[in-house]
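Undergrad: One-letter residues, chain by chain:
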Amino acid sequence: MAFPKELIRNFSIIAHIDHGKSTLADRLMQLTQTVAERDMEEQLLDSMDIERERGITIKSTAVRMFYTAKDGREYMLNLIDTPGHVDFTYEVSRALAACEGAVLVVDATQGIEAQTLANVYLALDNDLEIIPVINKIDLVSADPENAIHEIEDIIGLPAEDAPQISAKTGLNVQDVLERIVSDIPAPKGDPDAPLKALIFDSLYDNYMGALSYVRVVEGTVRPGDRIRFMHSGNEFDVTEVGVFDPRRLPVKELTAGEVGYISASIKSVAETKVGDTITLASNPAKEPLHGYKQANPMVFCGIYPADGADYEALKEALDKLVLNDASISYEPETSQALGYGFRCGFLGLLHMEIAEERLEREFDLDLVTTAPSVIYRVIMLDGSVRMIDNPSNLPSPMEIQRMEEPMVSAHIMTPPEYVGSIMELCQEKRGLFIDMTYLEENRVKLTYRMPLNEIIFDFFDGLKSRSRGYASFDYELGEYEESDLVKLDFLLNGDMCDALSTIVHRDKAYAKGRAVAEKLQEVIPRQQFEIPIQAAIGGKIIARETVRAVRKDVLAKCYGGDITRKKKLLEKQKEGKKRMRQVGTVSVPSDAFMSVLRIN
Amino acid sequence: MAGIYVHIPFCKRKCRYCDFISFADTSGEDLYFVALISEMRRYAPLMREREFDTVFIGGGTPTVLQQGRLAALMDELRRDFNISPEAEITVEANPESASEEKLRELFASGVNRLSMGLQSASDAELSAIGRIHTREDFLRALEAARKAGFTNVNADVMHGLPGQTGESYLETLRLVTELGLPHISSYALILEEGTPLHADVEAGRVTLPDPDETADMEDAGFAFLAQKGYERYEISNFSKPGFACRHNLNYWDNGEYLGLGLNSHSALRIRGDWTRFNNTDRLAEYVRELGEGKLPVRDTRRIERDEEMFESVMLGLRKTDGVERAAFHRRFGVDPVEQYAPAAAELEADGMLVVTEERMYLTKRGLDFQNEALIKFMEQ
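Chains as they are written, first to last, in this note's numbering: chain A, 1 to 600; chain B, 601 to 980.
If you're looking for bench data, these hints aren't it; they were derived computationally from the structure. Be aware that a few hints might be false.
[As the list claims (entries may be wrong)] Okay, derived cross-link-like pairs now, DSS-like style, lysine-lysine, Cα gap no bigger than 27 angstroms in a straight line:
#, chain 1, residue 1, chain 2, residue 2
1, B, LYS964, A, LYS578
2, B, LYS747, A, LYS572
3, B, LYS976, A, LYS567
4, B, LYS828, A, LYS557
5, A, LYS315, A, LYS578
6, A, LYS566, B, LYS614
7, A, LYS568, B, LYS976
8, B, LYS964, A, LYS568
9, A, LYS508, A, LYS540
10, A, LYS552, B, LYS964
11, A, LYS567, B, LYS964
12, B, LYS828, A, LYS578
13, B, LYS747, B, LYS840
14, A, LYS519, A, LYS540
15, A, LYS557, B, LYS614
16, A, LYS445, A, LYS464
17, A, LYS70, A, LYS168
Isolated chain B, as found in the complex:
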């Protein structure tokens, strides 16, 4: 398994909680696009041996790009990389820019999965976090997507938002389940330093639900999703059978991926070494270096075997079915339960971890306290 991630760092407006690299000024779009194409062409000869099973075009808001751009991007990807005919190809879309025309363009170019940023079905909550769409916009965009041919659609929703209650969160979940979406990602809001929301909260202008309220919300919401037939397959991700996101599963299986675009991250086995690197997070540098024929790569590091093993556990335990022992053994020549015997035993005794013949995975409590569980593995 291997995936490609393409970052589109533009939005109509930046949301108040967002700390991803993205710009509300789209004047750089043309230059960026040229640079992105040359980046793909630079990688093309290096990636000949690999087959890619997933593509994820994220952002930012990929659907803000001019009509035709995403189709051109898809063409270029297929020209430069060996993308499997069965590949899962996802594009992130926000309701305000997901026009019927663009959605048709996407579907026609082979995109087969759409990830829609809904966040909340309450207009008051949406405006509190600086989203520029309404519940109605979302419904309209979804209808357009379906008309265009999309069936595999995800909605991102959030809990722990300013002004949100357990009831309003359930209302959001009710909406997406009733609409029959096969995939739901429900993230707890993380207040990131440097964001406007963080400043508002620090200054007392905005109040967030306290952690206990948010925990109550989450527990009730996740129970509701289970009751509606959605399987929690990762800490924040739910799907109907067969609709788990393969691109993200590849991350959690600690698989290979190539990141393209500004500040994108890559993990590849290069001449036997597990290697991670990322692109610059400065738009000007990205454009300039690619213009000069250089890859704008930063922070290349070889991951030692111990660290690679820990990463596999850290990522694998995000999934509810955890780390597959045989796969781990194939990769590292050692069984993970043996490798991490003291940590595993302690967590098992504590009711946080379950070990079976095939796998080790975290219980509900283990998932709730995943950080503490991982620190145990890390300390060992």
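In isolation and in its complexed conformation, chain A is listed as follows:
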């Protein structure tokens, strides 16, 4: 028996990192007795360790709750939790497309931030009903009036009667539930129409294979149905459908307006692409739901095992990781310095960092990562075009007519007092000033046109340090633009180290070459011989540093008869050596390749 559609509410929570999204979700589940008190783990929805530690959500999750409102009726509330970062904008937009409304959480101590704004626009694009909520009013520094002000001025939403809550203590959270019931429209859709289910996320389960997280927009799906993914055209037999309470709970059917999962013994999440529409093979919908697009990797880097013997283990780990995250690309590559590894592509810098962290933690690997790169368009003399994501593969300058790099529109929101130093930063990062607007007295929005390759290094860190953490930032991808780019190489004792090569703008090559050479001088341990470190463009040396030769490497002390201690010290040194990579005659510690990423 289907749940009456008019009593269903599908909604999402929009918030900036740390504004309390997951805490509010927890509280809602508690109030609706979806999770028993004793099962209540802090921030239940963020289940990955990394998500918990970083306080962000990477994967979308969904949970079904039942709530008896003040009108005496019992409602089914489907909460779809969205990722909270610029790298996952597309996932967010699909999750929002699965809802009729959104709760906008604004931290009463912080106000609105760039990412919040970006997600509000996504919600408005999807015609969602937005319920503003002021959170953290229990804090001494809370300024709810200002937050209301900002919501009204910046977003243009009436917020006078917005619930003022503390998700942490539970204060006024019930009001949020009432507003969800009263303000958000019930889903429409005909349970008897041809099936249209929007995939807003997918997950790989060791036993069930790839699961599609769906919002059924039209029609009904049941176990035994043969389904078709409308963009890929692939067909599968449904083995199970279910809902989240918040653990998976099989049900007999999912029907128009409902949110749940479909399992069909699918081997990889590459088959269950976010944004695709599922229909029935026997009675297909005419048109898929709109908005599907392939998520393409933007940022690339080389990932190598710190210990060359772990190559197979790394390969297996990547295979498994991609089962769960189809937006990661990877293919084998070889580096003279680092040996066998993979060139991996990610949606953005955070996505890359998270993937690296997961590989290291969940698969217990020690990795060496090369500097991230964007994809450059290289127009050859003969007019042909090559897309280059690895600096080592850049053709010789003699064969190149010109090069282009991807640009972004960067939006930065900041209190006015930091505008000067942020503009300076954007200038340093080759940004082109587009616009500056006062969103209100205390908040300025800067728009810059910037090369993506400047953003993927340390732009975010720079922004945070120059604004004492107050500035927030978001970007959208723009066109390719011609640029005077050069390949910057590094030589250690005369041998080129391919893993350190980067593509940079000519104007920045000298400064960067010097900075990296200095950094290498710090991180490469002294060896038995003197090591010249050179930065070069083409054949021309632009910077030089020297690692002086070490004079002694011996344990002077006797340690009495404590041979073991001596042996342990040697073992440690040997382990350290194992983590070194041989570049020609020079031993380079694995983390040197990463430490040069963070200069300045």
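Model the placement of chain B on the given structure of chain A, informed by the hints.
TA: For chain B alone, coordinates are given in the frame of chain A:
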């Protein structure tokens, strides 16, 4: 060859660089002494078959013990163990507590070698590392030792100390050579974590000479010692002919030794197995367990043949005459140069190792980079 080491974990004050187990509070001395005696008696029946050629009473500062204690200790050692009449018997002494009376007591009880902690002849350097004696105290103690009858005397000195220069280090070496000491140990300061000096250096309160300065100091100092007729027979040890320390040579030959006292280490062949173990490093446990009639032994491990072989190389290559091939062959049934052929060949080609009919040993450069040489053997 076999040796006995006895640890006396008390000092008047702990030096700022020291990370050995030792206490400035000597109130536990009586209890410790009782425990030590019972430990010796527990081992006595187990050691009947062995003859000991060396005894080394170290610390800490053995000379802080009450008058009579060290003589009593010597008596007990002779009662419980079979100590060769020609044994080398060393006691460590620090100038501030090496009184004429105590030195006489030691000599009379059969101690025939004294190892004096001088560290530096500069009072400023001494105070910088928390030593509580002066250059004068050392001279006085040495005179007393000689009066007591000691001729075989070592001085420990250090380089790489805060405020030390090449010249001041040479001045220290000049002093000990002019005094005609037959043995000198010159250690480079190792900054050990957890020591007050380490904290001072981390916090920037104290600056050490940089590694290049220390290396210069060492090279010049060691050359000076050679010129004065001292043979470098181990990385940090120098002697006039016939005065090499037999107790330490036994360590470097990977010989047997029995450790007694707190946190002492032992290496013994037990029922054919090369075995290492050590005592607890907690004074209360040491005293309690021996009071209960138990040996306070920890971390007993059987050393596999491969590891024993590596230990023999690791220790042997500390000596300038290196590993004796025939002795190694007798012990393991294989020639070390064959056993470690790739490592030996690589190091030889690199000018770090010399192989002769009789031995393999490290060159000056090999000794300077001994860790790297050993890792080559280890990796193989």
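Undergrad: Are there hints from earlier that the structure breaks, and if so, what are their numbers?
TA: Hints 2 and 12 are the ones this structure does not satisfy, whereas the remaining hints hold.
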